Amino acid sequence: MTDLYEALAIIASPAGLPLLTVGVFAGILVGAAPGLTSTIAIGLLIPFTFTVSKYAAFSLLLGIYCGSMYGGAIPAVVMNLPGTPTAAVTAIDGYAMARAGRGAQALSISVIASVLGGLISCIFLIGLSLPLASLAIAFAAPEYFALCLFALAVVFSMASSSILKGIVATGFGLLISTVGIDPVSPYPRFTFGIPELMIGIPEVAATIGLFCVAEALRLISEPGRSDMIKDSVRSTLADAIADAKRFWRTILHSSLIGTVIGILPGTGAMMASLIAYGEAKRWSRSPETFGKGNPEGVAASEAANNAVTGGALVPMLTLGIPGDVNTLMLLGAMLIHGLIPGPALFRDEGTLVYVIFLTMILANILILILGLKFAPWIARAGQVNKRYTIPVILILAITGPAISEGHIYYFWISIVFGVIGYVMDRAGFSVMAAAMGIVLGPIIERNLRASLMLPDAGLWTFMGRPVCALFLALSVLVVVLGLWRELSQRRAKASTQPAAG
Amino acid sequence: MTVFLAAIALAMSVGAFVLAADFPHLSADPGGLALFPRIVAAVTGVASVLVIAQTLWARHAAGVATAHGPIRPAAWVREHKDQILLFGLVFLLPIGIETIGFNAAVFIFTYLTMLVLRTKAFTAIVASVAITAAIYIAYAVLLQAVLPAGSLFS
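Protein sequences, first through last, are from chains A and B. Quick note on our numbering: the first sequence kicks off at 1 and runs consecutively. Quick note on our numbering: the second sequence kicks off at 1 and runs consecutively.
This is chain B alone, in the form it adopts within the complex (with noise of 0.2 Å):
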């Protein structure tokens, strides 16, 4: 993981770094668009160089790579499958509230939680109308905002 996200700073410090020789130059600014961001990513780039090279080094010395075999997707995806459906439902709450509106998509969303959390499912339905009708109140009456009714039914 931490290889992974280092190698992933990286790429956005090599990529900051030649997107931004493309920003003008203005004489007033002797600083410019371009000499903060490019700072920025000489100093993370070679700090990310630093903690992949240290990362696997100390993987090295330790031996970890010879010690654990391969990780198995299959075992990795059954010991995170909450996670996993969690993060899928995640992505498809906004998505629910441009579709079906605001509060079906919250109750949907409050529903299917609590099942991947093993709550009984009646148990579920009653909090999650709970839920929705408090998440409304608060935003339409004590907020006053408008909430989205979504494309389907606007």
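Chain A extracted, bound-state conformation (with noise of 0.2 Å):
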């Protein structure tokens, strides 16, 4: 209880509230940015975090992640221009409704789904963290090997158009892990000679590089357009109110959706908002108007994208594995605040843990307060020209990392991996498998030499436990599920190549 009341101290602190509100506003001004992501903002803010207190740093990352994810909303409502790629489902129903003079009704909808979808999230997120976390203290190296090994087949699975594209992807980050002084004995390995890199491949700075130099390279060949709605779009409490009310189903629904996939390792947000548009439009009355102007399509896209925020932070918080790139990246935060992500996390870092949740819940009450009253002017504002965010996310992304930790090999690192991250994304190769790689590798390889160290060490070290096996066996389940899913897609399109032909 005493860390609940710490933390309830540290929120209402004089900065802390006022630090939150400013996370929260910039992350919905980032998310209605076109081109500018919620990856992009934390990735760019860690480096700023590394001067100021975990508490602060968290508050100020958490309430920029919530924002952005509903940020993305207001563009693809009133501009058909999402501003973050999960928000291009809510854009199908919401700029057609805002075509045909319900603007006000759509953001409405979008602001009160998003808060719902948060906060019902974070029920989930406290629910289970708590449990989860006792749980894991039983977890010996074989079971965290086991569990690594399922978030990596989830990732390279679900994440990657094609399987054998995603084991690439993963093998890629895997071997760059490897790269550096090894974990258990103090032996160079892959370094050529070069000592910058007997430090290995740092993870903030590569993934960094592959997420936001990668994005801002992209961004170059990315047409500007908008087709903003002239007519007014400004909404109150009251209509939220009454919006949530109507439609209470599809949001509890969508969140739902939305906080189980991310609970899943490397599955994000863009997949929330996908599934539950299609489940809430499989069980609509009116199905038809799908895609026409339905509020129920803006409600699903936007509780289910919101509801990923608590999910993944699951089991980031709790086992250290990371459930979307967000997650990724405040995991690398976590670490440069050496904090260890797991059970010693909520036994050491009680304080932490409750910010986080407190955070969380009073992030989502805020975007409902700024959403309402700022979303007119957040969709004008949000459009500032590419010309002037490539330089400014660039140079942030390269310099970041190397101006915190004072090393020229920093900015080596950020570039070489933007352009590396640039070419796979371009070639459909997942960056994100490529980046949960050089994250879990380390910690993969020391359970791994960790497990063969037991006595009478072997394949049963793995497959006699029983929450080994039931990751192992889940692992396996996962790659033949996405090697099925992959053959009926091609199977299903060779179908159709001939009739089309």
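Read the hints as simulated data drawn from the structure, not as lab findings. Just so it is clear, the structure is predicted and the values come from calculations on it, not from any experiment. Do not rely on the hints blindly, as some may be mistaken.
With a straight-line cut-off of 25 Å between C-alpha atoms, the simulated BS3-like cross-links for lysine-lysine are [claimed, not checked]: (1) A:K493 x A:K281; (2) A:K245 x A:K281; (3) B:K81 x A:K386; (4) B:K81 x B:K120; (5) B:K120 x A:K386; (6) A:K245 x A:K292.
Derived DEER-like restraints, expressed as beta-carbon distance ranges [said to hold, decoys possible]: (7) B:I95 x A:M463: 20 to 30 Å; (8) A:L8 x B:A58: 55 to 65 Å; (9) B:A21 x A:G278: 27 to 37 Å; (10) A:A138 x B:G63: 56 to 66 Å; (11) A:A473 x B:W57: 28 to 38 Å; (12) B:L26 x A:D3: 36 to 46 Å; (13) B:R78 x A:G338: 47 to 57 Å; (14) A:A473 x B:H80: 15 to 25 Å; (15) B:K120 x A:S495: 52 to 62 Å; (16) A:A15 x B:P30: 46 to 56 Å.
For glycine and all other residues, C-beta sits at the position ideal for the given N, C-alpha and C.
Can you join these two chains into the complex? Each is in its own frame, and there are hints to help.
Okay, here's the thing in structure tokens:
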């Protein structure tokens, strides 16, 4: 209980709430700016959190995370220009509503669905994290090894269009993670006599390069367009409450989908939005109106993508396995602040855990206030020309890790991984899978080798332990399901091609 | 592009597999230093070969190789001029920071990037000054970081 009171005092301190408000507002702005994603915002901000306390750092980062997830909906509705990729599903019905003169209702639904989705996921975050962390104490090296393997299997099976490409991308990340001094014995691996490589490939600089630098390079070729709706799109709290009452079933259903998908490693908000939209259409009384301005479509997409925020934090906080790209970045921030996610975090950093829980709840409440009040203004302010955003993203992403670590080596890591991320994305290799490989690589290797150091170690070390065997079986199942899905898609594509030709 | 990247991954895997053979083996560590990289290299290598085979087979089946003519380098460069220029600027940024210092390099990088993105010269200068100043305040004042002065001036 002391931890909770301390966390409340931190949040209620003169700097606590304003910092969170700044984070949420900045997040909504970033989300509303097409091309700028929550990942970029978190990645660019991480170096700036080095000098502040861990509580302030996570208030700011989580505020940005939640805010940007909602922010993408504003230009999606007003301009048919999703601020973030996840808001693309919202644009389908949201923009159709706005064109039909119901823009205010679309924005009101998007804000209330986002807030409720976020809050429902917070309930699961709090309800699942505490028991899961206690359960994870019983995990030994073989269980952690199997769990990480499961996380990678989910990532390369679901975050990639082709399983083989997913395996190559993950393998690339894992191989990169082996560069540097060996984690068990002080022997350099794959350093080729270059002293800088002794410290290995820094995860934060590499992931910032893979996502932020690559995204800026990709933005160059993206056309800028805007079909802004000129009608008034201001909505009120009363409208939002009325919408919540009308669409509570869709919001609840989609929030549950978003939370579950958030918990699965490497899946992310885009998949949650798509599945929730499909499910809402399937259960709707008027499925034919989806795509033509059905408010349920907006509610489903927004509730699901915001529910991912709480869900994705569950495996990250309790097991150190990121649920999506944003939590991958947050994991990097935790490591920089000397925090090790997992049961030890709940034991040693109880106050921080409660600060995270309270921040998530407050961030969603702030989204409601800021979203209703400033949505029309944010829609205009978010339209910053890419001529200004591209150089700023590139400079901050390239110099940020180097300036905070004080070594020129980090400049090159961000640049090289930026180019790698750009090329991988163009060729259809999952960048997320590579990043997960880089982050999880050292954990997998350490636990594999620790497992093999156990007495009478062998195959039975993994198969003879129930939790370990369960994760390994789940890994196989996920890969088989992924293969089945890919083959079905190929067959369907092949069967339509002769008809088209 | 897919075949090219898969070939790089294959080369990386073969290299890692071969180099790992020289890693020392400790009796207290049955897995050893080489175990993990070798497992990963083997799996990645096999997957890379399959990706190459799959892509080439798909191309053969779709007749892409015959449908499209050879890629004309000049046309490709013209089409991707902005990207190529920006890639060059990105690689020059750290060299510039080391040579002429952080602020000057950031200003020049921002100005040239904006010109590549077709911003008017005067607007680019004003925006570059503002962006450089904002980044300087963020790093030097907020983070209290020591920014490189550049080998030419220090």
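Each hint tested on the structure:
no.	hint	result
1	A:K493 x A:K281	holds (24 Å)
2	A:K245 x A:K281	holds (19 Å)
3	B:K81 x A:K386	holds (17 Å)
4	B:K81 x B:K120	holds (18 Å)
5	B:K120 x A:K386	holds (14 Å)
6	A:K245 x A:K292	holds (22 Å)
7	B:I95 x A:M463: 20 to 30 Å	violated (53 Å)
8	A:L8 x B:A58: 55 to 65 Å	holds (58 Å)
9	B:A21 x A:G278: 27 to 37 Å	violated (50 Å)
10	A:A138 x B:G63: 56 to 66 Å	holds (57 Å)
11	A:A473 x B:W57: 28 to 38 Å	holds (32 Å)
12	B:L26 x A:D3: 36 to 46 Å	holds (42 Å)
13	B:R78 x A:G338: 47 to 57 Å	holds (50 Å)
14	A:A473 x B:H80: 15 to 25 Å	violated (47 Å)
15	B:K120 x A:S495: 52 to 62 Å	holds (53 Å)
16	A:A15 x B:P30: 46 to 56 Å	holds (52 Å)
Hint compliance for this structure: hints 7, 9, 14 are not met, and every other hint is.
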